[in-house]
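**Q** Chains A and B supply the protein sequences, listed in that same order. Anchor point for the first sequence: position 130 equals 130 in UniProt numbering, and the numbering is continuous, going up by one each time. Anchor point for the second sequence: position 79 equals 79 in UniProt numbering, and the numbering is continuous, going up by one each time.
None of these hints come from the bench; they were simulated from the model. Where a beta carbon is used, it is the ideal one built from N, C-alpha and C, also for glycine. One or more of the hints may lead you astray.
[To be verified] Ranges of calculated distance between the beta carbons of each label pair, as one might list FRET restraints:
{"no.": "1", "chain 1": "B", "residue 1": "LEU59", "chain 2": "A", "residue 2": "LEU237", "range": "32 to 42 Å"}
{"no.": "2", "chain 1": "B", "residue 1": "ARG76", "chain 2": "A", "residue 2": "ASP13", "range": "21 to 31 Å"}
{"no.": "3", "chain 1": "A", "residue 1": "ASP13", "chain 2": "B", "residue 2": "MET37", "range": "29 to 39 Å"}
{"no.": "4", "chain 1": "B", "residue 1": "ASP40", "chain 2": "A", "residue 2": "ASN87", "range": "51 to 61 Å"}
{"no.": "5", "chain 1": "A", "residue 1": "GLN275", "chain 2": "B", "residue 2": "ARG76", "range": "30 to 40 Å"}
{"no.": "6", "chain 1": "B", "residue 1": "SER98", "chain 2": "A", "residue 2": "ASP78", "range": "53 to 63 Å"}
{"no.": "7", "chain 1": "A", "residue 1": "ALA173", "chain 2": "B", "residue 2": "SER98", "range": "24 to 34 Å"}
{"no.": "8", "chain 1": "A", "residue 1": "VAL52", "chain 2": "B", "residue 2": "LYS50", "range": "50 to 60 Å"}
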Amino acid sequence: MSVSDLEDLELLDPTLQNVLDQTSLQWIFVGGKGGVGKTTTSCALAIQLAKVRPSVLLISTDPAHNLSDAFGQKFSKDATLVNGFTNLSAMEIDPSSSIQEMIDNSDDQGSGISSMMQDLAFAIPGVDEAMGFAEVMKQVKSMEYSVIIFDTAPTGHTLRFLSFPSVLEKALAKVSQLSGRFGPMMQQMSGMMGMQGNPEDMFGKLEGMREVITEVNNQFKDADKTTFVCVCISEFLSLYETERMIQELTSYHIDTHNIVVNQLLFPKKDSNCEQCRVRHAMQKKYLDQIYDLYDDFHITRLPLLTNEIRGVDKLVPFSEMLVNSSYVDEKKAEGIEDTKAE
Amino acid sequence: MQLAFGVLLVVLLAELINLIGKTHFTAMAYDIYLKVMYKDQVAKQRQLKKEILTHKNDLSRTSSQDEFAKWAKLRRKMDGKVVELEKLTSELHLSKASFEIKVKGLLWFITSGLQFAMVAWFRRAPVFYLPMGWFGPAEHVLALPFAERGSVSIAIWFFICRKFIHLIASNLAEFIPAVRALKPEQPADAGSGNPFAAFANMANMAGAAASPGGPGSPGGMAGNPFAAMGGMGGMEGMDSANMFGPGSPFAAMFGQTLNPDVMAGSTSPSPSASRSSSVRGAGNLGSGEDRRRKV
Numbered sequence: 001m002s003v004s005d006l007e008d009l010e011l012l013d014p015t016l017q018n019v020l021d022q023t024s025l026q027w028i029f030v031g032g033k034g035g036v037g038k039t040t041t042s043c044a045l046a047i048q049l050a051k052v053r054p055s056v057l058l059i060s061t062d063p064a065h066n067l068s069d070a071f072g073q074k075f076s077k078d079a080t081l082v083n084g085f086t087n088l089s090a091m092e093i094d095p096s097s098s099i100q101e102m103i104d105n106s107d108d109q110g111s112g113i114s115s116m117m118q119d120l121a122f123a124i125p126g127v128d129e130a131m132g133f134a135e136v137m138k139q140v141k142s143m144e145y146s147v148i149i150f151d152t153a154p155t156g157h158t159l160r161f162l163s164f165p166s167v168l169e170k171a172l173a174k175v176s177q178l179s180g181r182f183g184p185m186m187q188q189m190s191g192m193m194g195m196q197g198n199p200e201d202m203f204g205k206l207e208g209m210r211e212v213i214t215e216v217n218n219q220f221k222d223a224d225k226t227t228f229v230c231v232c233i234s235e236f237l238s239l240y241e242t243e244r245m246i247q248e249l250t251s252y253h254i255d256t257h258n259i260v261v262n263q264l265l266f267p268k269k270d271s272n273c274e275q276c277r278v279r280h281a282m283q284k285k286y287l288d289q290i291y292d293l294y295d296d297f298h299i300t301r302l303p304l305l306t307n308e309i310r311g312v313d314k315l316v317p318f319s320e321m322l323v324n325s326s327y328v329d330e331k332k333a334e335g336i337e338d339t340k341a342e
Numbered sequence: 001m002q003l004a005f006g007v008l009l010v011v012l013l014a015e016l017i018n019l020i021g022k023t024h025f026t027a028m029a030y031d032i033y034l035k036v037m038y039k040d041q042v043a044k045q046r047q048l049k050k051e052i053l054t055h056k057n058d059l060s061r062t063s064s065q066d067e068f069a070k071w072a073k074l075r076r077k078m079d080g081k082v083v084e085l086e087k088l089t090s091e092l093h094l095s096k097a098s099f100e101i102k103v104k105g106l107l108w109f110i111t112s113g114l115q116f117a118m119v120a121w122f123r124r125a126p127v128f129y130l131p132m133g134w135f136g137p138a139e140h141v142l143a144l145p146f147a148e149r150g151s152v153s154i155a156i157w158f159f160i161c162r163k164f165i166h167l168i169a170s171n172l173a174e175f176i177p178a179v180r181a182l183k184p185e186q187p188a189d190a191g192s193g194n195p196f197a198a199f200a201n202m203a204n205m206a207g208a209a210a211s212p213g214g215p216g217s218p219g220g221m222a223g224n225p226f227a228a229m230g231g232m233g234g235m236e237g238m239d240s241a242n243m244f245g246p247g248s249p250f251a252a253m254f255g256q257t258l259n260p261d262v263m264a265g266s267t268s269p270s271p272s273a274s275r276s277s278s279v280r281g282a283g284n285l286g287s288g289e290d291r292r293r294k295v
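Use the sequences and the hints to build the structure in full.
**A** Okay, structure coming up:
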């Protein structure tokens, strides 16, 4: 079953147009195994969305922040407008500084504990996810942006991040249960030890947090509001990871119906590059498998380009490929040498 | 007279249950219950397991590199079935747990609760009257808890019946190999958390040393006050096939007070096959299962 045969069958539209069209979407996750082109795809998607949405926010939860690299502009943990756009902002969450801030805020409660917590906090894997999540919660409360795109960390972290709401919800439910029972006792104890912190306040804050988390959890599980775009390359391991990721997402009830296959080679017919042809054959093999397995997904193909996609002026034409599949139509594109806007 | 026979019957029933072993009994009962009530669930479970195995087999034969789509589809199917199986299994476990609690309660009632109740209810009633003057000062002991002097109280009667049945059982065990196979052999297996059990075991050893002859000889047993005490303090609720009365009323009071591990340390060689006062029973390791293993 070659791809050209499949194209005769009823395939879903091989672009990300469906994401642009779905106006109810508020949260879009872009994820996949390392090095597949998540950041490029998420930036490109953000650019396209900015054309059809009132305001777009792009958040990177990847510790190796490359939004700054992609746009050629320094971003911070506060949302900053991207140069050349009026409604597209970007934010890079830096876990270490967020934790520092949190600790400084709670410093009045007792300094001995906070320094210990600081050391501990940096050592916890997944602290990035927690910080990313804190940002999400802030956004939920304020809802300034009509759509938020997450450029996530490689697969393992992403899923932990997404399962965080349910885990946290359960944990907080337990804590509030306990607070009801032990609150008065803890108040007495803290009075004895001379701690200033008021447990009532703490539990109140936790309770408030829990409500927000439940809300976020519900939103993530709503297919109209949240979707996940899987980015992969046409190789065995990436395919395996994508399949695993999709199954896990389904188990968390998070909607996913888009796959972007990146870095595809389209060598010219008379090309004498042995590597290109061999690689192309291998990619074709796995691409056929992808089409076979994910017949209810939109599968967008993106070519491997001869230059790096860095900077807004390269990203904008690249983003056109997300919604316009004619560039990568195998019959037409004999080889793509440089990005050119139509 | 009815009371006397009633008591004898109750003790017989209790000893029978103890012989089979409470855990074994519960397991048997659950098997029957499962077959009756949950037949289709069990069948479904079996079918799911078979399907999962076939899928696993297919999966191992499909190369994930060359036929990834087919491999992934098989994998998805298998995962779905595994989830279903786990759900079914947990449901069955739940039903098993609740059923076992009920059966255990019932067994406890038959072996201990009933005896407790009867002793309390008939505490004053004389089981039968002793011929005048035969027992002299012993009459006071025999009437012990609340019965009038000159009669046998129900608590004592329980005790006597239990001893009697154990005696008969041990003697039978000598002659009938099949029964002997069922009888517990090792004393003090895995501890029972019973303070008197330790005494019983030590007493047994002393008794064995003192009277080497006569397995099952009444003299050896009767002349052993500690053993008697240990017997009366036998642990109920555990499958202690203690010859000296596991289901006694006192057992309920003393059961489960001590750490079983303490008792586990008190091992003693089996004095004789028949006089096997094995005070064992740590939870689910019932005497029934132990017996099976030894056979």
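**Q** Take the C-beta atom of ASP13 (chain A) and the C-beta atom of MET37 (chain B), compute their distance, and say whether it sits inside 29 to 39 Å.
**A** violated, 53 Å
**Q** State, for the Cβ atoms of ARG76 (chain B) and ASP13 (chain A), whether the hinted interval 21 to 31 Å holds or is violated.
**A** holds, 24 Å
**Q** Is it true that the C-beta distance of ALA173 (chain A) to SER98 (chain B) lies inside 24 to 34 Å, as the hint says?
**A** holds, 26 Å
**Q** Lying within 51 to 61 Å: is that true of the beta-carbon distance ASP40 (chain B) to ASN87 (chain A)?
**A** Given about 60 Å between the Cβ atoms, the range holds.
**Q** Kindly confirm whether 30 to 40 Å is satisfied by the beta carbon distance between GLN275 (chain A) and ARG76 (chain B).
**A** Holds, at about 34 Å.
**Q** Looking only at beta-carbon atoms, does the pair VAL52 (chain A), LYS50 (chain B) fall within the given range of 50 to 60 Å?
**A** Distance hint for VAL52 (chain A), LYS50 (chain B) holds at roughly 53 Å.
**Q** Kindly confirm whether 53 to 63 Å is satisfied by the beta carbon distance between SER98 (chain B) and ASP78 (chain A).
**A** holds, 57 Å
**Q** How does the Cβ-Cβ distance of LEU59 (chain B) and LEU237 (chain A) compare with 32 to 42 Å: does it lie in that range?
**A** violated, 18 Å
Of the numbered hints stated above, those contradicted by the structure are hints 1, 3, listed in ascending order.
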